[in-house]
Amino acid sequence: MSAPVWNNKVVKWVDDRLPVFTMMHHTAYEYPTPKNLSYMWNFGSLAGFVLVTMILTGIFLVMNYTAHTSMAFDSVERIMRDVNYGWLIRYIHMNGASMFFIVVFIHMFRGLYYGSYKAPREVLWWIGILILLAMMATAFMGYVLPWGQMSFWGATVITNLFSAFPIIGDPLVSWLWGGFSVANPTLNRFFSLHYLMPFVILGLVVLHVWALHAVRSNNPTGVEIKTPQDSIPFHPYYTIKDLFGLGVFLIFFAAFVFFAPDYLGHPDNYIPANPLVTPPHIVPEWYFLPFYAILRSIDFAIFGIPAKLLGVIAMFASIVILFVIPWLDTSKVRSSAFRPVYKWFFWLFVIDTFVLGYCGAKAPDDYFLGIEGLHVITMGQLSTLYYFAHFLVVMPLVGKLERTKPLPASISESVLKGGANA
Amino acid sequence: MRKFALTAIAAAFAITSFSASSQAAGNAPVPAAQEWSWNGLFGTYDRAQLQRGLQVYKGVCAGCHSLKYIAFRNLTDIGFNEDQVKAIAADYDIEDGPNEEGEMFSRPGIASDYFPSPFPNDQAAAASNGGSIPPDLSLMTKARVNGPDYVFGLLTGYEEEAPEGFDLAEGKHYNHYFPGHQISMAPPLYDDAVEYTDGTPATIEQHAHDVVAFLNWTAQPELEARKSMGMKVILFLIVLTAMLYALKRKIWSDIEH
Ligand code: HEM
Numbered sequence: 000m001s002a003p004v005w006n007n008k009v010v011k012w013v014d015d016r017l018p019v020f021t022m023m024h025h026t027a028y029e030y031p032t033p034k035n036l037s038y039m040w041n042f043g044s045l046a047g048f049v050l051v052t053m054i055l056t057g058i059f060l061v062m063n064y065t066a067h068t069s070m071a072f073d074s075v076e077r078i079m080r081d082v083n084y085g086w087l088i089r090y091i092h093m094n095g096a097s098m099f100f101i102v103v104f105i106h107m108f109r110g111l112y113y114g115s116y117k118a119p120r121e122v123l124w125w126i127g128i129l130i131l132l133a134m135m136a137t138a139f140m141g142y143v144l145p146w147g148q149m150s151f152w153g154a155t156v157i158t159n160l161f162s163a164f165p166i167i168g169d170p171l172v173s174w175l176w177g178g179f180s181v182a183n184p185t186l187n188r189f190f191s192l193h194y195l196m197p198f199v200i201l202g203l204v205v206l207h208v209w210a211l212h213a214v215r216s217n218n219p220t221g222v223e224i225k226t227p228q229d230s231i232p233f234h235p236y237y238t239i240k241d242l243f244g245l246g247v248f249l250i251f252f253a254a255f256v257f258f259a260p261d262y263l264g265h266p267d268n269y270i271p272a273n274p275l276v277t278p279p280h281i282v283p284e285w286y287f288l289p290f291y292a293i294l295r296s297i298d299f300a301i302f303g304i305p306a307k308l309l310g311v312i313a314m315f316a317s318i319v320i321l322f323v324i325p326w327l328d329t330s331k332v333r334s335s336a337f338r339p340v341y342k343w344f345f346w347l348f349v350i351d352t353f354v355l356g357y358c359g360a361k362a363p364d365d366y367f368l369g370i371e372g373l374h375v376i377t378m379g380q381l382s383t384l385y386y387f388a389h390f391l392v393v394m395p396l397v398g399k400l401e402r403t404k405p406l407p408a409s410i411s412e413s414v415l416k417g418g419a420n421a
Numbered sequence: 000m001r002k003f004a005l006t007a008i009a010a011a012f013a014i015t016s017f018s019a020s021s022q023a024a025g026n027a028p029v030p031a032a033q034e035w036s037w038n039g040l041f042g043t044y045d046r047a048q049l050q051r052g053l054q055v056y057k058g059v060c061a062g063c064h065s066l067k068y069i070a071f072r073n074l075t076d077i078g079f080n081e082d083q084v085k086a087i088a089a090d091y092d093i094e095d096g097p098n099e100e101g102e103m104f105s106r107p108g109i110a111s112d113y114f115p116s117p118f119p120n121d122q123a124a125a126a127s128n129g130g131s132i133p134p135d136l137s138l139m140t141k142a143r144v145n146g147p148d149y150v151f152g153l154l155t156g157y158e159e160e161a162p163e164g165f166d167l168a169e170g171k172h173y174n175h176y177f178p179g180h181q182i183s184m185a186p187p188l189y190d191d192a193v194e195y196t197d198g199t200p201a202t203i204e205q206h207a208h209d210v211v212a213f214l215n216w217t218a219q220p221e222l223e224a225r226k227s228m229g230m231k232v233i234l235f236l237i238v239l240t241a242m243l244y245a246l247k248r249k250i251w252s253d254i255e256h
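Quick mapping for you: the protein sequence lines, in order, are chains A and B.
First residue of the first sequence: 0, per numbering that gives the first Met the number 0; consecutive thereafter.
First residue of the second sequence: 0, per numbering that gives the first Met the number 0; consecutive thereafter.
Source of the hints: derived by calculation from the structure; they are not laboratory data.
Quick reminder that beta carbons are idealized off the backbone N, C-alpha and C, glycines included.
Hints may be right or wrong, so weigh each one.
Unchecked claim - Sample of chain B residues at the chain A side, in silico, Cβ under 10 Å:
{"id": "1", "residue": "S137"}
{"id": "2", "residue": "N145"}
{"id": "3", "residue": "Y244"}
The shape of chain A in the complex, shown without the other chains:
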C-alpha cells in the first residue's frame, strides 16, 4: 500500500495530524479486491446502506413517537396521518427491517457457499454473527414499539421464553419486564435499547470491515489473491458495481414501500394492544420464523429437562453453532463451486431453512403444505434435525470424504478460463 499524496493544502494539513484521508483512501479507494467477485458480493455494502437508512428514518420517527402504553399506538397513527411524509418515513423503516434481513441472509448464505468463514476469516465471520444477533434483538424490540396486538403478544411470548431457565427463570423475566407483565416499563426500556442497538451494530460493522480489510475479500474461486494481476482497486470498479446493485435493490425496496407497505407485516398489529384479548395466532415477523420453528419443534423432555427449556436452547444453538463452523467444515477447499458433493448439501440446507420458515408460520397441528397426515410439527422436527445435522454431520464428513475438483492456480487463471463454474 503506497501512501497517497495530498495536493489540497487543507486536506494535507488535516491528514498530517489525523490521517483520516489516508485511511479512507486505503479502505474505499485503493483496497485491492479480487477481480472476479460476482454480484453475490454486493450484499455487504447493501447491508451497510440499509443500516444507515434505518438509523436515519429511526431518528425522524423518534421525533414524533411517544413511548407510553397509552399513547404509543396513537402517536404512530399521528405519524402516519399528520406528520409531513410521516407515512413515508414509517413505511421505509418498517419495510427496511425486512430488507435488512433479506440482504443479510443472502450475505450469509453467500459466505456459507463460498466458505468465507474459513481461515483466515473466522473473526470476520464471528463479528458477522454478532451483528446478526444484534439485529435480531433490535428488530424484536422495534416491533414492540407501535404497541399493537402483535407487539404486545409477541413480546409476551418471547420474553416468557426466559422463564424456561431453572431457578433464575422467573426472576429473570420479571427483571426483563420491569414488573409482573409486559407493560409500560417494558415498553420504555425496549424503546431505549432499540435506539441504542443500531449504534452497537454500527460499531460492529466497523470492526467487521476492519477485519475484512485485514484478510481481504474471498471470491467465487475461494483461491486467495496471489499476484497483483488477481486484484483491482476497489474504486472505481467496485464502487460502480455496488452502486448499480444499490439501484436494483432500491427498486425492489421501493416496490414494497410504495405499493405493498403492509404486505410483510401482520394485520393484527393495527389493533391496539389489549392484554385481555389473545390473538388466535401469535406469529413473529417472517425473519424470525425459521428460529421460531426450531423453538417449537422441541415438544418433548429429555433427561428431565423440560421441553420449553430445550426449545430455547435449540433456538439459540441454531445461531451459536455458526461460530464453530470454521472448525466443523473439514474441507480444504473453500468454494462450493469446486465441491461437487457439498454443493448439493448446501442447497438442501437452504431449502431446509425455507421449510423451517414455513413451519414457523403455521400452527403445529396444521398439515404441512396441506398434505394429509403430515403435521407441521413433525416436519418442523425433521427440518430442525437436518438443520443441526448439516453442521454437525454433513460438514465434517463431506469435507473428509469428498473428492473436490481441481482448483485454478490463481484468480487470473480462472478468469481466463471463464470463471469458477468452468
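Keeping the supplied structure of chain A fixed, place chain B with the ligand upon it in accordance with the hints.
Below, chain B with the ligand without anything else, positioned relative to chain A:
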C-alpha cells in the same frame, strides 16, 4: 447478471410465500375479492363513492362504532370544500371544557374536532351491545386479512337462520365470514338503509361497497399520494439504474473478469 436476477427472483419468491403462509389462518371462508377502485398500480379513490360511504357511516355505523383517528378537517381529502366540512362538523355536539366556571359544556363541532365516539367508554359500549365492544373503524380494513374484501363479506354475509345443528348463542347472529360465525353485531345494513344524496340506488351491496371504500380511505388516507410518488420514484430509479449499469460496463470494459 443472470445470477443476480435469479437471486432477486428467489428472494422475492421467498418472502411472498412466507408472508402468504403466515397470514392464512382461521376457520372462516375466504371472502370473495371485490373490484375496488384503488386496486392495482394506478387505482385511486372514487370521491363520490367515499362521500356515499361517509353517509352510510354517519347514518348507520356511527351509532355503535367510533372513528377516532379522523377529524372533520380530513374530509377535504374526499372532495368536500371547507364550508361543507364546517357544516358537517357543526351537526355534531362536541363536549368541551372545562370553562371558567369549571363546568364541561357542549358546543357545535368545528373542523379540527375528531368524530365523536358513540359511547363514553368501553364499559358503556359493551353494556349496550350484549357484552361485545364495537371496535373503532378507522383502521379496520388494515387490521384484518384482506381487509376490504373481508369487511364487505362481513356486512353482506349474514344468514337469518343459523344452519341446522349450529348452536347460536343468545343475542348472537350468524355470519359466514366472522371467525367462529357468531357475531354480536346485528346485520347493520339493509336495502335503503340511507338515502343517497346523489341518487345512487341504495342496495345493500351498494351500501357495503361504499362504506368499505370510505373505511379504506380512513385506514389509508395516504394511498393516492403514496402510489403516485411511488410511480415517480420507481421510474427515476429505473433510469438511474440503467445509467449506472451502462457506466459499470464502461468502467469494467478494460478488465478481464
Ligand atoms: C449489518 C450487517 C452487515 C453489514 C453492514 C456487513 C457488511 C459487510 C461488507 C461491506 C462486506 C464486504 C462486501 C461483501 O463481501 O459482501 C462484508 C463481508 C463479509 N461479511 Fe458482512 N455485513 C453484515 C452482516 C454479516 C453477517 C450477519 C455475517 C455472517 C454471520 C457476515 C459475514 C461476512 C463475511 C464472511 C464477509 C467476507 C465475505 C467474503 O469476502 O467472501 N456479515 N460484510
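Verification of the hints:
1. Annotation: interface hint on S137 of chain B holds; nearest CB of chain A at approximately 8 Å, less than 10 Å.
2. Annotation: interface hint on N145 of chain B holds; nearest CB of chain A at approximately 9 Å, less than 10 Å.
3. Because the smallest distance between the Cβ of Y244 of chain B and any Cβ of chain A comes to about 5 Å, under 10 Å, the interface hint for this residue holds.
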